[in-house]
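Asks: The residues making up each chain are set out below.
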Amino acid sequence: MKKNIKLVLFIPLIIGATGCANLGVEPWERDLLAKDEMSLNASPIDVALDDHIYFSKEASSGGKGFGGGGCGCN
Amino acid sequence: MKTKTKTKTEKTNIKAALTLATAALLGTSNLAQANTVSTDSAQESTWEFDSAFLFYSEVDRVSAGEAIFNAKKTFANDEILNLKLTVDALTGASASGAVAQPEVQTFTRPSGKGQYDIAAGEVPLDDTFQDTRVQLNAQWTQPIAPNYTASGGVHISKEYDYLSLGINGNLAFDFDRKNSTFSAGFSFFQDTFTPEGGIPKPFSSMLIGDSSSPTWDNDFTETRIGSEDTKTTIDILLGFTQVINRRMITQFNYSYSMVDGYLTDPFKIISVVNGSTGLTQDNIYESRPDSRVKQSIYAQSLYHFDSTVLDVSYRYMWDDWEITSHTLDTRFRIPLGDSFGTESYIQPHFRFYQQSAAEFYQPFLIDGDALPTYASADYRIGEMTTFTVGLKYGLLVNNGHDLSFRLEYYRQTPTDAGFDEPGALQEVDLYPTIDAIIAQITYSF
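As you go down the protein sequences, you meet chains L and E in turn.
The first sequence lines up with residues 1 to 74 when you count with our numbering.
The second sequence lines up with residues 1 to 445 when you count with our numbering.
Each hint should be verified, as a subset may be incorrect.
[Said to hold, decoys possible] Here are the simulated EDC-like cross-link-like pairs (lysine to aspartate or glutamate), alpha carbons at most 20 Å apart as the crow flies:
hint, chain 1, residue 1, chain 2, residue 2
1, E, Lys-73, L, Asp-36
2, E, Lys-113, E, Asp-217
3, E, Lys-178, L, Asp-51
4, L, Lys-35, E, Glu-343
5, L, Lys-35, E, Glu-48
No lab work stands behind these hints, which were simulated from the structure alone.
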C-alpha cells in the first residue's frame, strides 16, 4: 500500500523529468505565473510560523523545506 | 568609497523600517510618521520588509507569542540577501506523559525544586514551562552561471536551556525556458540542550518526597546523568519544479533527514501501573533511541482559475521509529476586488494531518513486566489525527503595502493504538484532545 502511494506520487515527477513536450509556457505566457500568489512559497512568513507550531506539536517536520533542528520545542 | 556609502544607506533604511515594523506590531499610533521616513529612504532602496506577530493558545495548556521581522534586499544583479529575526515566548502547562488516576498525584518539577499536585481524574500537566527564544537567520542567494542559482545560509537560535546552530546550502538548475528546475540542498544543525535540573537517567524513578529534607539534593542528583547533551541533524532535500501550463505549477520534493544524539525529552515521564488495578506504582523518565532517520516526499500544485488561486500540497513521511504520516494542506485565495474600498482578498485554509505511533510509544508501562529498551508516553509520537481550519483576510493599504490577518483553529485528537487499559485507566481520559487558537497579523512593506 505504502509503496503504491509512493509510486503514484512519483509518476508526475517522472513525466516531468522526461520532458513531456506539452508542458511549460513561453516567456510571454507568464502573466498569471508571475503573480505573487502563484509563487510556490507565496507566504514564507506564514509557512515559517506554521512550521514552528507543527514541528513542536507533531512528529513530522520538513518536506517543503528543511525540517531540521532549530529549537528545543520538540 | 562606494561600498561604505551603500552600507550607511542600508543602515538608515533598516532604521526607518524598524520604526515602521514597531508601529505595525504595537498598533498604528505612529504609522503616519513612519511612512514619511519610509518615503524619504525609499528612493535608493530595494529592501522589502515583512513583520508578523502570532499568538498561539491552547485551552488550559501552552500559550505562545512569536514575532518575526524579515528584511530582504535584492541587488541589481539578482543577488538576494535575506535577514530574519524571530523572537518567541512560551508559557503554560504541558503534558508530562503520566496517566490520569482516580486519586491525587504528586510530581516533582523538572528542576527538582518543588512539587505539584494533580487532582483525581485530571491529565497530569506540568505548568512550569516558560521559555524565551531568539533566532537569527541570514541567507544569501545569487546566480552563479546561466541557469544556475546558489544559496547559502546560517541559523542561530538561543533559548534559556537550548542552543541551535545551523548552516545550509542549495543549488538550483533551470532548464526548458525556465519551465523546469532541479534543486539540491543540504543543511546541518548542531543543537545543545542544557535542561533545568539536568539530564535524567533513562527509566530512573521520579523522586517524590520531602524536597526540604537534607538528603533531597543528593537523592535527586542520583537520578541525573549530566547537565547537557547534544544532537546533530543532517538534511538533504532534492526538488523538482515544473510549470505545467499558463495556469499551473507543481513541485515535488524528496527529503532525507538524519538526527543523531540526545532525542529523549528530559521533561517527560511514563507511569508504571499495576496490571490489574491500573493504579500508578511509579513514574519513570522516558528513553528514546539516539538516532532517527526520517524521509518524506512532498508534492505541491498551484492552479490559477479565472481569478482565484488554489494551492494544494501533500506530504508523506516515514521514519525508522516506524512513524508514518500524511499531511494535506490546502489554501484557496479569493480576491474581493475593491469591494471594501481597497483591493483585498480572503483565503480559507484547511490542513489535515495523521500519524501512526512510534514503535516504542507506550501510554503507560505495566509493573513487573520487563522494561523495554526504549519507551515514551509523549502523545506527540503516539497515534494522532489533527486538523486546522482558518481564514486569512488581506488588504492593500497605503503605498501598496500588504496587511493581513489570520485566524485559525487547530485540534489534536490523539487516539488509542490498541493498548489494553487495566482497571482504573478505563475510567480516565488517556487520550485527551487539545484545542488551540492561532491568530496572526502580518504587515509587509
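Asks: It remains to establish, for every hint, whether it holds in the given structure.
Replies: Hints, one by one, checked against the model:
For the hint linking Lys-73/E to Asp-36/L, the alpha-carbon distance of about 17 Å falls within 20 Å, and the restraint holds. This hinted pair checks out: Lys-113/E and Asp-217/E have alpha carbons roughly 9 Å apart, not beyond 20 Å. Note on Lys-178/E and Asp-51/L: the hinted pairing is violated, with a Cα-Cα distance of about 29 Å set against a maximum of 20 Å. Under the criterion of a C-alpha separation no larger than 20 Å, the hint pairing Lys-35/L with Glu-343/E is consistent with the structure, at around 15 Å.
The suggested pairing of Lys-35/L with Glu-48/E holds, with an alpha-carbon distance near 17 Å, which does not exceed 20 Å.
Violation of the numbered hints given earlier is confined to hint 3; every other hint is satisfied by the structure.
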